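Since the structure of chain A is provided, determine the placement of chain B on it from the hints.
Chains as they are written, first to last, in the numbering used here: chain A, 1 to 398; chain B, 1 to 346.
FYI, nobody ran anything at the bench for these hints, they're computed from the structure. Be a bit skeptical, because a hint or two may be false.
Keeping only pairs whose Cα atoms sit at most 30 Å apart, straight-line, the calculated DSS-like set for lysine-lysine is [what the hints assert, rightly or not]: (1) B/K39 <-> B/K84; (2) A/K247 <-> B/K140; (3) B/K177 <-> A/K156; (4) B/K272 <-> B/K29; (5) B/K177 <-> A/K247.
This one's a predicted model, so the numbers in the text were calculated from it and none came from an experiment.
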Amino acid sequence: MIFKNQILRINDFIAERPKLQFYLPQALTAFFIIFIIGYFSFNAGSNMDEQGLTTGFGFLGSEAQFDIQFHLIDYHGGMTYGRAYLVGLLNTILVAVLGIIFATILGIFFGITRLSKNWLVSKIAEWYVEIWRNVPLLLQLFFWYFAVLRALPPPKESAHLFDFFILNIKGLYIPEFVWTNFNALFYSIIGSLAFVIMFFIWAKKVQESTGKQYPRLYVSLGVLLAIPTLSILAGGVQLEFIRPELKQISETVYNYEGGSRAIPELIALVFALGLYTSTFIAECVRAGIQGVGKGQKEAAASIGLTPNQTLRLVVMPQALRIIIPPTTNQYLNLTKNSSLAAAIAYPDLVLVFAGTALMQTGRAIEIVSITMLSYLTLSISISLLMNWYNKKMALKEK
Amino acid sequence: MKITLKNLFSFLAVFTLVFAIGTEAMAAKAGKTLKNTKKKGFVKCGVSQGVPGFSNADASGNWTGIDVDVCRAVAAAVLGDAGKVKFTPLSAKERFTALKSKEIDVLSRNTTWTLSRDGGIGLTFNGVNFYDGQGFMVTKASGITSVNGLNGVSACVNIGTTTELNMRDFFNSKGFKYEPVVFEKADEVVAAYDSGRCDTYTTDKSGLAAQRTKLSDPSAHVVLPETISKEPLGPVTREGDENWSDIVRWSLNVMIEAEELGITSSNADAMKTSENPAIKRLVGAEGETGAALALDQEWSLRIIKQVGNYGESYERNVGPDTPVGLTRGPNAQWINGGILYANPTR
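Isolated chain A (complex conformation) (with noise of 0.2 Å):
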């Protein structure tokens, strides 16, 4: 009974004051989540203390003393672990970027191609999207990397594509490209690229006004064409392929020398990385494009438009903005199953630094925190940037 009458003091109390209303629960929530973070980190201080280890961050500036095979800048073992930490960073950023590009190409073309009118083309790309996101990407990993890898040749009889590529057991080479007066070539790329961005910008202004059209694909792709060419034909550039060549190491032990290199580990990652992801990048893109209303694609026809300019003008700008939001989330996954690059020996990130230098320095926690917050960052950063897009494909409302 008293407590009832304390109760409904409280509450007329409260209710007579709106900010308080607004402040406490914010006060109490904020001042419960510090009480948990201090509390755990007073946990792990105390049991750290317990057992007589340090913390800290010194660790970076110390000796690696360990050697990666595939690094992006320069790195030997005697460098430190910060650096060792940037490498790591660095592949796990490669693998991102041509995993996503890959899985973009496949995925809006197998997600287009779904809604073919030909039965036998929209089966096929059915089946390829059930097939490959119906199995875990671990075991697709495996796959690419033990099965594809027991097939690939030994460096003695490597397969030599289009006369430029080599491909063998330990990777694929790319010849080195020596350019002598690259600079004509260069600044011929930069001046028909800035050609081609004003012309666009005028034909736009021009067909917005006039309406009158002009070839824009045609022009600037003979404009991108013709002046390098001209650069090196008449501007003295050259180009020569330093090709590696096969070093004989033992009676049966080949290397080639000279080139770069694709570690077979990089292109597994990259083919099982972009195949999985492209399925679901499919599916979000055939659910933007079957979005657009058919009323859509009808007024289109009945303008005159081919099927083709339908799906280019009408279709795509509308359906962008449903595609784009799914999209950005198949990004992210696939910028955090990278790092399964640690069951198949790619030296990403979590391998170099949250395996072996893990190991090494015993730092748990440090270490671990910092590959949280990379990569968070990568993350925040795809999604800020695709974010950007999504707000410049809306639709304005005027």
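This is chain B only, laid out in the frame that chain A set:
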């Protein structure tokens, strides 16, 4: 003082206290891990994910190996039954974290005793149960007969091991170029080496001998003769629980000393009537070694009877008659030319 009942009781209390403390001076206090293990009823042992001869599970899930036998010895000493062990297979990456986070209490996983692990990570090494060294394995067809022919090779290794670091030291000291291909699990390393992705596979020589049995054609591969590093392998415990570390250390020691004194699992009971006081101490007929570890007096006898001495464990797991096929080498007793030297259990 007047002899009253109250005085008598206080006198008795003090006397009992002094008496108890006095006799407790010889006995050790049971540590937290020992108490928890007795409560749980099994020893939590961390092992590898399958190294034949050291820790390997057969098709029905029974674990065997010399590392497994160390854990069984601890179980026999502490719980009275060598079978009361829970084995957790761990990769090289997670083994120390599992030990530190108390997921396991003993790590018996051919782990090398190094300074940085002993001092820097909060672990204690408890003796050596296998003196090993790092070596290289190549295919016979490659024609490489010595480590001097390894310039420019790609080498498959396990992540987070001393192997990774030693390999770099070795290749740098010779001025060779090499390419490390680093995997997390030993099975993946073996599969990659078997497929030809790497020209050589490097790890401890005992590991090479063990993993060779898993290759598609073991006879097509050869372990190069040179040893490029020292790898003393032994059981590991957490820093902070001295009583538990002592138990693990002296359980291993009992196995080694039993072989030196000629006590086997079959004659351990008969040895109770031996003339040699060292033997009698080891089989629990004399002395109070158990109390110093907070265990009962039969602890060492149980180890010898249920697991066997070091030689028996070696012969049945990695000996010359097994598929792994290693000779004793440096792992023989010091009286037989090796470097296994048991501390006196007294």
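Status of the hints after comparison with the structure:
no.: 1; hint: B/K39 <-> B/K84; in the structure: 12 Å, holds
no.: 2; hint: A/K247 <-> B/K140; in the structure: 20 Å, holds
no.: 3; hint: B/K177 <-> A/K156; in the structure: 20 Å, holds
no.: 4; hint: B/K272 <-> B/K29; in the structure: 28 Å, holds
no.: 5; hint: B/K177 <-> A/K247; in the structure: 13 Å, holds
Figure legend: structure checked against the earlier numbered hints; every hint is met.
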